[in-house]
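Residue numbers (our numbering), protein chains in the order written: chain A, 33 to 377; chain B, 33 to 377; chain C, 33 to 377; chain D, 33 to 377.
It is worth saying that the hints were derived from the structure and are not from the lab. Predicted model, so just to flag it, every value in this text is computed and none were measured. Keep in mind that the hints are not guaranteed to be accurate.
Just so you know, same-sequence chains aren't split out, so a pair can sit in one copy or run between any two.
[What the hints assert, rightly or not] For lysine-lysine, the following DSS-like pairs were computed, each having C-alpha atoms within a straight-line distance of at most 30 angstroms: (1) K340 with K259; (2) K57 with K374; (3) K57 with K219; (4) K150 with K351.
Protein chains: 4
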Amino acid sequence: MKNMLAFASDYMEGAHEEVLQHLMKLNMEHNPGYGTDVYCDRAKEKIKSACECPEAEIFFLVGGTQTNQVAIDTMLESYEGVVAAATGHVSLHEAGAIEYTGHKVLNIPGHDGKIDAKELAKYLETYYADENHEHMVFPGMCYISHPTEYGTLYAKEELKQISEVCHKYDMPLYLDGARLGYGLMSKGTDVTLPVLAKYCDAFYIGGTKVGALFGEALIFTGKKVPKHFLTRVKQHGALLAKGFLLGAQFEALFTDHLYERISSHAVELADYMKKELVKRGCKLYLDSPTNQQFFVVENEKLSEIADKVMYSFWEPADKDHTVIRFATSWATKKEDVEELLKLFE
Amino acid sequence: MKNMLAFASDYMEGAHEEVLQHLMKLNMEHNPGYGTDVYCDRAKEKIKSACECPEAEIFFLVGGTQTNQVAIDTMLESYEGVVAAATGHVSLHEAGAIEYTGHKVLNIPGHDGKIDAKELAKYLETYYADENHEHMVFPGMCYISHPTEYGTLYAKEELKQISEVCHKYDMPLYLDGARLGYGLMSKGTDVTLPVLAKYCDAFYIGGTKVGALFGEALIFTGKKVPKHFLTRVKQHGALLAKGFLLGAQFEALFTDHLYERISSHAVELADYMKKELVKRGCKLYLDSPTNQQFFVVENEKLSEIADKVMYSFWEPADKDHTVIRFATSWATKKEDVEELLKLFE
Amino acid sequence: MKNMLAFASDYMEGAHEEVLQHLMKLNMEHNPGYGTDVYCDRAKEKIKSACECPEAEIFFLVGGTQTNQVAIDTMLESYEGVVAAATGHVSLHEAGAIEYTGHKVLNIPGHDGKIDAKELAKYLETYYADENHEHMVFPGMCYISHPTEYGTLYAKEELKQISEVCHKYDMPLYLDGARLGYGLMSKGTDVTLPVLAKYCDAFYIGGTKVGALFGEALIFTGKKVPKHFLTRVKQHGALLAKGFLLGAQFEALFTDHLYERISSHAVELADYMKKELVKRGCKLYLDSPTNQQFFVVENEKLSEIADKVMYSFWEPADKDHTVIRFATSWATKKEDVEELLKLFE
Amino acid sequence: MKNMLAFASDYMEGAHEEVLQHLMKLNMEHNPGYGTDVYCDRAKEKIKSACECPEAEIFFLVGGTQTNQVAIDTMLESYEGVVAAATGHVSLHEAGAIEYTGHKVLNIPGHDGKIDAKELAKYLETYYADENHEHMVFPGMCYISHPTEYGTLYAKEELKQISEVCHKYDMPLYLDGARLGYGLMSKGTDVTLPVLAKYCDAFYIGGTKVGALFGEALIFTGKKVPKHFLTRVKQHGALLAKGFLLGAQFEALFTDHLYERISSHAVELADYMKKELVKRGCKLYLDSPTNQQFFVVENEKLSEIADKVMYSFWEPADKDHTVIRFATSWATKKEDVEELLKLFE
């Protein structure tokens, strides 16, 4: 597999060199456990500053599904569910990790992965107008992803509207930022970290897919932090003994704009790849402005390139075509994209 | 804190140099996700071989509480509980992670952390003799730790007897090996990996505390592997996207006997420390043959050394004395032990 | 409220006289607890005989949501979900009782409350064809209701086809019979208790809505009975101390065809009510052959009759009309229907 | 079994005649569902009045384990456990119903079924003094039973002291009153319903064992009522459709002091039985002032009476003796006690 081109996902390599060097430098230092170290402290300060949100409370977790599970379970009352797009990661691809904690995922339609503020409002109105709603699951919070599972992005105004609907019904808004860097650095977006801190009650900045070995920074923007969060993280089996490994990685990512630099790199390569593949006759499945690109490809072509490039199967399009995903990342090299393009000449 | 002596625990540093170098070497390789990579494959083969258990099935997880939670929950039927010493980690110090998954921890007495085969048998006899036992929690498996939370070890014959009691009642025996290396390398022990593979139905080899950045290798010895284990790990939020990081670390630990070498180092230093501290008048709380050493120290003395050495508070002994723990690890240096000894001269 | 006509639901009265008399007769007898009494034994024999299924195992529970929760949770593995119509009771109106036990309800479309065998097959094919299905919730069983929440019924051939799809994928088929009597006695149905016992792996015969004070008879038809079921019922808080109350009620219901007689009565009155209301210009929302009848009524009309008859609000139709439900039951009197009809003259 | 004397438990018969008549009277009335009826309203008023606690909020549930499960789960935060005697019903005999909802039962010693305020205080002090307590289960409430599982009773002063310890640590005190009537009517007790309402944050008045067919009245005394309680009851599968059956039974029990009258009857017979059996040389296991009496009986004697009287096996005493329980109830007749006494002449 080592000689194949790698566009299957954005979690196929280790960590960015600057992250790795930071880990090596502290390797033989003695640090206290469970996130009580100076690296976590410093990383939190840097993230608060980047979010322009001094009142934020930040916790570091290991992975994305884990972060969604812990955040959602601890933000909800036990009789509440989380509203999400039917295509959302928590709805489909987390093996029921939310239901495992006792909460229903309440689905509303997804539009290329995004939910619509009006449809959310309609869902909530209908729910509360139903005379039997006390026999139904209370909608207790709202989950969105940014970029979505389809690489698409919300505009600032869309986030504002969704946030307003949520808050009208006293529901926190939570944003899954597994690939957040690739959204923030997308050309033309008006969504920044301070915008997220303003409209979301909680969100996470993904490290695993954006330059870290592993790790996600979960940010409560000050309005509703679950009580005894550390204990609850432990209760979920999610508390890393060597929390300083997480703090150090995020400290590196938020030093000298590393997180932004490496995200930009991936997004630019993805944009270049998209344009060049379209020029070569490839059909876009949808138009993503981030690091994930979706194409409808002939099955015959797929057989031809199968041993040359790793890609992700997405779904069958028709009997002769398949939707596939090519993802770039911080680790993708320009020359790899050029090699990929050659396969379509 | 950087200038203090560090004997508080065995998870205060990063990874052993050979582990770290292995991670650096593969850093920019492209590997598939979720443990389907060659590093995991190779690490599994090495562990099977070390355990002389070719039929074992092995999975890598991130942390100890997580591994206990996932292993116990998936090995139990939903109406069963796990029998454990009242002092066991799962009984006391995992924030209810087992109960969170719906299972009761059924306590029997602990003797310096160990359970007794006869007491276990008595517990099970009494349970099944009770006419109301269908209204009680079924004892579905047995949990032991080795070394225990008090640094003590089972002898091979003790494991054999516990295993026989378990199997008489059709209960799997599970062993928590968070610090397993320090047990295997203890002087005079007759418990080896093949012995564990023979008597336990499942156990884990701890990496986090024994040379890895993080990671535990969970081994099912062939008799009872939970179905769809990967899905269930994901459902618990415990599936690491970059599983190759776990595989690579265990590959390094099981190459050229690294796991044994670094464990021996820690145990020898602990033994030296114990003997020298006793010579200097320190009182042992109990006699541990592994890397954790427990002493009853005057509170006045503790105040005196508080800014010179990091140790673990264990429990109050009386109003003037406290039980503390000094732990060595793969990362402890001989000269640090010498410095520690000076504090007691 | 006592002078109003009562068509809001089929659980507004106590028990049929013959059931009540049976309870009174045994009132001062001494019976052992938890369903180990002769009344339960006799009721089970009568039900097995009515189902022509001597190998059935039968348990009595108190209520419908409780029965669904216990049956589904105990029939599923912990990583599995239950496939159900989006309009199913377990999907919408049980306050998340299924998710509370850790299981996802996997929705497929409902057609007037029914699922379609072909759509079920399509769902399962797509699931297993998805390369990522191990990261998704396994479809572990199928839930249907009969009559459905919309009063509709499956034909024998439809049950056969659904059953075949389920068994092809090794999924048990479970049928919610909260109102089963009103389905079995519907004119023209070819579905009988033996048909259900043949095609379903488990189903329940509803007592609460069909002549009992309370109680549901859960029947496992012999292929897959959850182990230690009594213990698991207790674990759910669902084990009635005086199980003989349940056994006695079902013994009465299955003596001299009482269950059938009282169900017929309700269905005949519902049919008469439907035809007469349609004659009087009422618009059917859908054509139900059982005891629940759904009408689209002008809001103005509803205000007019609001203090004369209790009905169920179903959903808004448009701004001037509402869908309502009139339900008959074993307790409905012919003269009450006549009074109701007068309101629409 | 019908001709045997019945002293095995207090839930072997149906309901007291006055309760049954009340149910028969309302049988064909039309009542709305889920406890929104006038019977529930009236019963609540009567209970509030008996408790001298106008601010109480009252809910009716079906059974004892169910009530404990729902009350404890809804009063606890998800990271909290319930402190209880090791011999408590929730600790031992509810098949893990508490753990099933994710909560640990934190055991302290039981003394003939009772906990000691000082030992409770010591437990809580030690917990909060432990530097690692954030890695442990928070003690979130306290469970006691009255009468206990051994028939013993708390004095008012003991309840006061336990309550003070609980409230010092911001923990609600919850009392399981499955057999409450038999405690309230015990000779010499100074514990009344108003005393319970004063010192407990929640408790339940048992109906199942004290004159009702089934049913328990759960009372929150005003300080901490779980939000959206009805929804959560439904989520647990514990919401009875025909809630009016519960309301009506409790209305009857709290009319003309029926609950007290029938409880007195049972306690007086138990007292008589105890004294007479002791006169006849029977050895008390402990001295219970309520309806449950425990004796140490020769196994030979037990064989002799085995086909004449139903009793409860409690535990083996030694190889020749067994601890057994004889329970009286509202349904026990004086002549049955006389017959029982004859067996020991």
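Going down the list of hints, with the structure as the test:
1. Taking the shortest alpha-carbon separations for K340 and K259, neither the intra-copy value of 50 angstroms nor the inter-copy value of 34 angstroms comes in at or below 30 angstroms.
2. Taking identical chains as interchangeable, the C-alpha atoms of K57 and K374 lie at most 30 angstroms apart only when they sit on different chains, with a minimum of 29 angstroms there against 41 angstroms within one chain.
3. With identical chains, the CA atoms of K57 and K219 are never at most 30 angstroms apart, being 35 angstroms at best within one copy and 34 angstroms at best between copies.
4. In the homo-oligomer, the alpha carbons of K150 and K351 lie at most 30 angstroms apart only across protomers (19 angstroms), although the nearest pairing inside one protomer, at 36 angstroms, exceeds that limit.
Hints 1, 3, counting from the list given before, are not met by this structure.
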